[in-house]
Amino acid sequence: MILTVLGFLLLTLLVIVTGAIVRTANLFAAVVLLSLFSLLMAANFFLLDAADVALTEAAVGAGISTVLMLAALALTAETEKTASRLKWVAAGTVTALTLVLLYATLSIPRMGDPSAPVHQHVAPWYLQNTPHLIDIPNVVSAILASFRGYDTLGEVFVVFTAGIGVLFMLGMRRFPAGKRRIPPPQTLGLKHHLVPRTVGTFILPFIILFGLYVQFHGEHGPGGGFQAGAIMAAAFILYALLEGERRALDIVPPRVLMLLLASGAFLYGAVGVMCMLLGGNFLDYNVLAADPVAGQHLGIMLVELGVGVSVTGVLLSIYHAFAKREPA
Amino acid sequence: MCLAVARALLGPGVYNRLLAANLFGTKTVLLLAVVAVLSDRPEFLDLALAYALINFIGVLAVLEFVQSRALRRRLEDGHRLEDSKPESGPAPTTDRPE
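Protein chains in written order, with the working numbering: chain A, 23 to 350; chain B, 102 to 199.
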């Protein structure tokens, strides 16, 4: 009961915050509100028992996307250009779409209704068969990495493609040597501020440890490759914020980033091909070990590792691509 | 939490909003922890942990942004100064690295 009220409250706040994001013309305020939006969203996911999604939203929405938005904001103007007139076509389309969607919600089954189609289709099969086919407690990981391994492979390639696209557009240029006496401001970092540096250096190892925990504990609790990748990327971004771009790129040079970006996706595909070479189907992990269940465990672990490495590489490359550019 | 959201929406000024958003992050961490304990699923505490760690990065990013903006403005002023007086000294940045 209390959770329902809480969920209602959070959704109402979500609507209010969304309205404010659309209305505000100050982009910096919009970024701050967006991080608030992400927090609300994750709390909602959490109340709906979607722990894995909530963790993703936590890692990506609250951490990385705020950083990326600010990095982009540093390159552009700070206020939105105000639209001179209300665009009637756009307003009409949005209103019509809203009405259609509202009409559609009337026929949606009640939340948590056991007779809803979503609980009748394949979900019971997954819940029944995960214990003896794969034998891991987190059914979400089992579905993501094994039952629907193709979909996840597709997602990894989408992430990979997005990373390549951003790198093509923004580029990973070297620092212009000797052209400017003063380095671009963004390369400075916060190294002259004692408190952030001390606290940041203190929690950095814990973030990396937590990332590894999420990566390799994904079969047992909420988490997996995507979340772990985002958390690891957040850790390296934290280092870049603290010590400056240059030091961060010394530790993880662009070459290594490219390698990470490609090798994660490659590892995922290679596991699939390996299964075929051993006589199974593509991404059929049963053949990876003598015991099918052990094979599944091995396959899921390798695939999640591939996802994690790829996501880390992509997020870090995008961050560096933004941070290295000089403001226009 | 409502009060924090109200402050974030009303401002005044960006820094009130920022403080409100930060407060809201802390509140979310607490909320998640309480709900996880109330509904008897201690493994969901992981989420609260993730938030506690990740929130900090957002704050640091904002700090960095504000710092670099201030520096950039000073830099632009410096260039303007140099344009008007070609023989002026080095650009007025005090925290040049190394």
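Just to be clear, a hint being listed does not mean it is correct.
Unchecked claim - Listed below are several chain A residues computed to face chain B (Cβ distance under 10 angstroms; list not exhaustive):
{"#": "1", "residue": "V27"}
{"#": "2", "residue": "L28"}
{"#": "3", "residue": "L61"}
{"#": "4", "residue": "S129"}
{"#": "5", "residue": "L155"}
{"#": "6", "residue": "D157"}
{"#": "7", "residue": "I225"}
{"#": "8", "residue": "L234"}
{"#": "9", "residue": "V236"}
{"#": "10", "residue": "F238"}
{"#": "11", "residue": "L289"}
{"#": "12", "residue": "A292"}
{"#": "13", "residue": "V295"}
What the hints contain is simulated information worked out from the structure, not anything from laboratory work. Don't be surprised by glycine CBs; every beta carbon is placed ideally from N, CA and C.
Hint-by-hint comparison with the structure:
Checking V27/A against chain B by beta carbon gives a least distance of about 12 angstroms; that is not within 10 angstroms, so the hint is violated. At about 8 angstroms, the closest approach between the beta carbon of L28/A and any beta carbon in chain B falls short of 10 angstroms, and the interface hint on this residue holds. Because the beta carbon of L61/A sits about 5 angstroms from the nearest beta carbon in chain B, less than 10 angstroms, this interface hint is met. Hint status for S129/A: violated, given a least beta-carbon distance of 30 angstroms to chain B, over 10 angstroms.
Evaluation of the L155/A hint against chain B yields a violated restraint, the C-beta minimum of about 22 angstroms exceeding 10 angstroms. The criterion of a C-beta within 10 angstroms of any C-beta in chain B is not met by D157/A, whose closest approach is roughly 18 angstroms, and the hint is violated. This hint holds: I225/A has a C-beta 6 angstroms from the nearest C-beta of chain B, less than the 10 angstroms allowed. Evaluation of the L234/A hint against chain B yields a violated restraint, the C-beta minimum of about 13 angstroms exceeding 10 angstroms.
Hint on V236/A holds. Least Cβ distance to chain B is approximately 7 angstroms, under the 10 angstroms limit. For F238/A, the suggested interface contact is broken, since its CB lies about 13 angstroms from the closest CB of chain B, more than 10 angstroms. The restraint placing L289/A at the interface with chain B is violated, with a minimum CB-CB distance near 24 angstroms, outside the 10 angstroms limit. Violation of the interface hint for A292/A is found here, the shortest Cβ-Cβ separation to chain B being roughly 30 angstroms, above the 10 angstroms cut-off.
The criterion of a C-beta within 10 angstroms of any C-beta in chain B is not met by V295/A, whose closest approach is roughly 33 angstroms, and the hint is violated.
Violated hints for the displayed structure, listed by number in ascending order: 1, 4, 5, 6, 8, 10, 11, 12 and 13.
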